[in-house]
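Q: Sequence:
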Amino acid sequence: MADQNENEDSDMRCTCGETHKGHVCWFSRMGLIMEIQHLCDNPTVVCSNCGAKANLSHNVCFPVPMSSDKP
Numbered sequence: 071m072a073d074q075n076e077n078e079d080s081d082m083r084c085t086c087g088e089t090h091k092g093h094v095c096w097f098s099r100m101g102l103i104m105e106i107q108h109l110c111d112n113p114t115v116v117c118s119n120c121g122a123k124a125n126l127s128h129n130v131c132f133p134v135p136m137s138s139d140k141p
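If you count by our numbering, then the sequence shown holds residues 71 to 141, one letter each, in order.
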């Protein structure tokens, strides 16, 4: 059964290697929700892979600047 969970998670794994441990999606997967709060309180980027939003680009796997729709 463990193999089935690995296969389900493989779609969400990124290719950034060791730096992934500092990303919002990693904290979320590990259940470390409190650690995420200060990383996402004023988001400027979104991950193009998983959609996670973060304040800084180094906290997501594939950062893309968030569009500013404010007038």
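In case anyone wonders, no lab produced these hints; they're calculated from the structure. Glycine included, each C-beta is placed from N, C-alpha and C at the ideal position. One or more of the hints may lead you astray.
To be verified - Cβ-Cβ distance ranges computed for the label pairs, FRET-style:
| no. | residue 1 | residue 2 | range |
| --- | --- | --- | --- |
| 1 | Leu126 | Ile103 | 17 to 23 Å |
| 2 | Gly101 | Ser137 | 18 to 24 Å |
| 3 | Ser137 | Lys91 | 25 to 31 Å |
| 4 | Gly101 | Pro135 | 18 to 24 Å |
| 5 | Gly121 | Lys91 | 27 to 33 Å |
| 6 | Ser137 | Met100 | 25 to 31 Å |
| 7 | Phe132 | Met100 | 16 to 22 Å |
| 8 | Gln107 | Ser127 | 27 to 33 Å |
Q: Next step is simple, just say for each hint if it's right about the structure.
A: Structure-based check of each hint:
Taking the beta carbon of each, Leu126 and Ile103 are about 18 Å apart, inside 17 to 23 Å as hinted. Checked against the hint of 18 to 24 Å, the pair Gly101 and Ser137 fails, with Cβ atoms roughly 30 Å apart. Between Ser137 and Lys91 the beta carbons are some 28 Å apart, a value that agrees with the proposed interval 25 to 31 Å. Judged by the Cβ atoms, the range 18 to 24 Å given for Gly101 and Pro135 is violated: they are separated by roughly 29 Å.
For the pair Gly121 and Lys91, the beta carbons lie near 19 Å from each other, so the given range of 27 to 33 Å is not met. At about 29 Å, the beta-carbon gap between Ser137 and Met100 stays in the expected band of 25 to 31 Å. Range check, Phe132 to Met100: Cβ separation about 19 Å, and the 16 to 22 Å hint holds. For Gln107 and Ser127, the hinted distance range of 27 to 33 Å is not satisfied, since their beta carbons lie about 18 Å from each other.
In terms of the numbered hints stated before, the structure departs from hints 2, 4, 5 and 8, listed from lowest to highest.
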